[in-house]
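Going line by line, the protein sequences match chains A and B. Positions 831 to 1054 (the numbering used here) are the ones given, in order, by the first sequence. Positions 467 to 1075 (the numbering used here) are the ones given, in order, by the second sequence.
Source of the hints: derived by calculation from the structure; they are not laboratory data. For glycine and all other residues, C-beta sits at the position ideal for the given N, C-alpha and C. A few of these clues could be false.
Restraint-style ranges between C-beta atoms, simulated for each label pair [unchecked claim]: (1) A/MET1011 to B/ASP1037: 56 to 66 angstroms; (2) B/ILE1051 to A/LYS933: 39 to 49 angstroms; (3) B/ASP918 to A/LYS1023: 57 to 67 angstroms; (4) B/LYS1034 to A/GLN916: 38 to 48 angstroms; (5) A/TYR1010 to B/ASP1037: 15 to 25 angstroms; (6) A/THR955 to B/LEU1042: 33 to 43 angstroms; (7) B/LEU1036 to A/TYR1021: 26 to 36 angstroms; (8) A/ASP876 to B/HIS866: 35 to 45 angstroms; (9) B/GLU1015 to A/VAL874: 12 to 22 angstroms; (10) A/TYR1021 to B/PRO922: 15 to 25 angstroms.
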Amino acid sequence: MEMETEKNAVVIYTRYERFWHWSQAALIFILAFSGFVIHGTFNVVDFETAVTVHTYSALLLLLLWLFTTFWNFTTGNWKQFLPRIQGLPAVIRYYAWDMLFGKPHPHTKSMKRKQNALQGLAYLTFMVIIGPALWISGIIYLTYDLWNVMEGSQSLFQAVTFFHTAAAFMMMAFAFIHIYMTTTGKTPFHYIKTMITGVESIELTQAEKAYFSEQHPKILRDHD
Amino acid sequence: MIKCTLFWKNYQVNSTLTNSLIKVKLEMIKKQLAENGGQTQYLSFLYLIGYALGILMTVNVSAETDPKIEIGISEYTQTGGASDLKATIAAFNKNKASTTDHSKLKELEGPFSSGPEVTKACLSCHNKAGSQFIKSIHWTWKYKHPITGQELGKATLINNFCTNAKGNEGMCAQCHAGYGWKDDTFDFTNEENIDCLVCHESTGTYYRVPNSKGSKACSIMFEGKTPIQWAKVAQSVQMPGRNNCGTCHFYGGGGDNVKHGDLSSALFNPSKEIDVHMDSKGLNFACITCHVDNGEGHQWAGSRYQMHAKDEVGQGKPGIPRQRATCESCHSSLPHPKTTLKGIKLNGHADRVACETCHIPKIAKGGVATKIDWDWRTMGKLKNGEGFKLKEYTQGDGHHRATYKSIKGDFVYNENFNPHYAWFDGVMNYTTIDTKFDPAKAPIDINSFTGDFNDPKSRIWPFKRMHTTQPYDKGNNTLVYMHLWGEDDNSLWGNYDFGNAIKVGMEKNGIPYSGEYGFIETYSYWPINHMVSPKEDALACSECHARGETGRLNELRGFYMPGRDYFKWLDIIGYLTILGVFLIIFLHIVMRILCYKRISKSCHIGGEK
Chain A
831 MEMETEKNAV
841 VIYTRYERFW
851 HWSQAALIFI
861 LAFSGFVIHG
871 TFNVVDFETA
881 VTVHTYSALL
891 LLLLWLFTTF
901 WNFTTGNWKQ
911 FLPRIQGLPA
921 VIRYYAWDML
931 FGKPHPHTKS
941 MKRKQNALQG
951 LAYLTFMVII
961 GPALWISGII
971 YLTYDLWNVM
981 EGSQSLFQAV
991 TFFHTAAAFM
1001 MMAFAFIHIY
1011 MTTTGKTPFH
1021 YIKTMITGVE
1031 SIELTQAEKA
1041 YFSEQHPKIL
1051 RDHD
Chain B
467 MIKCTLFWKN
477 YQVNSTLTNS
487 LIKVKLEMIK
497 KQLAENGGQT
507 QYLSFLYLIG
517 YALGILMTVN
527 VSAETDPKIE
537 IGISEYTQTG
547 GASDLKATIA
557 AFNKNKASTT
567 DHSKLKELEG
577 PFSSGPEVTK
587 ACLSCHNKAG
597 SQFIKSIHWT
607 WKYKHPITGQ
617 ELGKATLINN
627 FCTNAKGNEG
637 MCAQCHAGYG
647 WKDDTFDFTN
657 EENIDCLVCH
667 ESTGTYYRVP
677 NSKGSKACSI
687 MFEGKTPIQW
697 AKVAQSVQMP
707 GRNNCGTCHF
717 YGGGGDNVKH
727 GDLSSALFNP
737 SKEIDVHMDS
747 KGLNFACITC
757 HVDNGEGHQW
767 AGSRYQMHAK
777 DEVGQGKPGI
787 PRQRATCESC
797 HSSLPHPKTT
807 LKGIKLNGHA
817 DRVACETCHI
827 PKIAKGGVAT
837 KIDWDWRTMG
847 KLKNGEGFKL
857 KEYTQGDGHH
867 RATYKSIKGD
877 FVYNENFNPH
887 YAWFDGVMNY
897 TTIDTKFDPA
907 KAPIDINSFT
917 GDFNDPKSRI
927 WPFKRMHTTQ
937 PYDKGNNTLV
947 YMHLWGEDDN
957 SLWGNYDFGN
967 AIKVGMEKNG
977 IPYSGEYGFI
987 ETYSYWPINH
997 MVSPKEDALA
1007 CSECHARGET
1017 GRLNELRGFY
1027 MPGRDYFKWL
1037 DIIGYLTILG
1047 VFLIIFLHIV
1057 MRILCYKRIS
1067 KSCHIGGEK
């Protein structure tokens, strides 16, 4: 049954989500930079600095992820990332073709579903494949000195470095695409602005609007 | 007839010349004194001293007609020396707990006329010292390797410097801590032949000369030295200082720092930068601060035949005396701070990387060069029938070093250079006189060692690698003993005849010789332990964790090292992926721009706008 909806400026990304996003972005950038120095790709800072920076930012990111996982599950936010086939072909078609001709985005943002199907799938990949590949291999890598006396440790070490590097390349591919996609909004900086302020104009049902006005008046904003 | 040295002659010529100059100067001073009275007396005295010093310096320079060429084959070096003594002795004068003032002992009043007489006096109180010392390697020059079973030690080994002490003891045993070893007749059981003084005297006036005079060409080498004042040196005895050990150990291989690369006269009075432990203004360690007694008495920890490549005993339990010369015996096997990320990471390295690898970044510091290459083939060139030295290398401290010697051939020096690195488990294997080798596999390792990444007892160690082209027995494929030194006509240092010197050298020692010699390239490896730098100068991580040639461990393979190693195909695929992403983004942007233009002109498809 179709609900009567109305466009409304709403804080769709809470303060914590925005903190999570941007601190994670900064850490990933620092990790990638220092990581590829360690890898030997470029030589802008010396190895010792790179290792120090890489280790500390990795520990911070682990802490952030640990807390965010906790946050995701306690707030129920995790449901946002559940994979969904429905709508996926339309979104792919939109980015590959329709958007070039100015067609509207097939996904309608709502409080229940802030991300479109493709976006959700990408973030899920980030959270359950690329991220864990990095932190699992990273933790084993970091604790090398604790297990290097073990039989066959060199094979394990090589596997760890292999997966860590491979996952780092994937992370970079993800990050570049992700950054590019932010330019595909109404204006090239629209999505970035949303991610900073948290405010986006989305469709609200009467009930949702009434609920927010009553319970969370602060998240309702005048049109941006 | 070849004369060993013309130096003395030149000196005398110059002296007569300068003597007359001094006389003139004295006349001037007398005149001034008469005119000005006592006030100028002091100034004139200083002036005279200054002038005399000037003359001395002139003599030294003018003694060589061409500063690069020195006629003569003198190999005698005045080692040690009083000027270097103050600092080294100071370290031991700190130890005020000594219960005996040797200068007050009746037994040491003398008079003594020889070394053995002094030794007899020493042993009259120290009645176990003799039996202890004659078991030590400083006396026997023999070492049976506990793992390989090889019979090692200077007495029999061949190196790739002067090659062999065996049969040349008349010269080489100048550094034997005993009196009179010049041939097989030396009595190793006679404790009175021990030279206590070379290790214990502290005046800096004691010296040793070779036990035989060598060929006629060399016999004037050691003339004109001030006689030793036996009672004075005997009364000065102390625990050995750097000066005592350095007398021999800094001059191994026939000259300052020739052999080891990390043991030179720069260690008599080193700065902190040269050696953080021996720093004469700082810790001021003596050699025996680390090379402690191994518990047997008069035997010292720290053998390079059987090293502790990885000391897992470390500091040991509190109160237990140290009996090793390893870094770990003071610093423990986890020496870096355990509370910082860097410290933890460095401690993580200590199980596979020797302390020396990072903390001795350069060999031959302090301006004293070491030999890295020696070519025996070119020896024997003469100038007007005389041997000579060509001094074409000027080392950091300004001294000229011989790049050619008639009696030894050509040399290459280096200083302040990067070591050679290798996995090392502490066990040295030697190519001895009876080891047969395949000449096709040259360079032959004079000493090889085992060690591997996969052996947890091995660590990466720094070495000085010495390259030499030296004679070998072409028929038997062995190294050879050469008869270098002797009072006969066959010694190489006198007649320059390889064939003869090898024949006699082999015969004299009962080694089979085919009669035909050739030259073969050899390597020897000298583990680097000394001249530890201050921690600020330790190797940066990026010295090893670097790609390609620049990395110090570039040649060590068989393990994955971050920063140096990578998976080639993973990298190719990875970079291509990133490139592909950029390409797609670029194409998408181009299409967006193109389509945006079309829309505004003709498409008229309503967007959100």
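Evaluated hints:
| no. | hint | result |
| --- | --- | --- |
| 1 | A/MET1011 to B/ASP1037: 56 to 66 angstroms | 26 angstroms, violated |
| 2 | B/ILE1051 to A/LYS933: 39 to 49 angstroms | 20 angstroms, violated |
| 3 | B/ASP918 to A/LYS1023: 57 to 67 angstroms | 60 angstroms, holds |
| 4 | B/LYS1034 to A/GLN916: 38 to 48 angstroms | 43 angstroms, holds |
| 5 | A/TYR1010 to B/ASP1037: 15 to 25 angstroms | 23 angstroms, holds |
| 6 | A/THR955 to B/LEU1042: 33 to 43 angstroms | 20 angstroms, violated |
| 7 | B/LEU1036 to A/TYR1021: 26 to 36 angstroms | 32 angstroms, holds |
| 8 | A/ASP876 to B/HIS866: 35 to 45 angstroms | 39 angstroms, holds |
| 9 | B/GLU1015 to A/VAL874: 12 to 22 angstroms | 20 angstroms, holds |
| 10 | A/TYR1021 to B/PRO922: 15 to 25 angstroms | 54 angstroms, violated |
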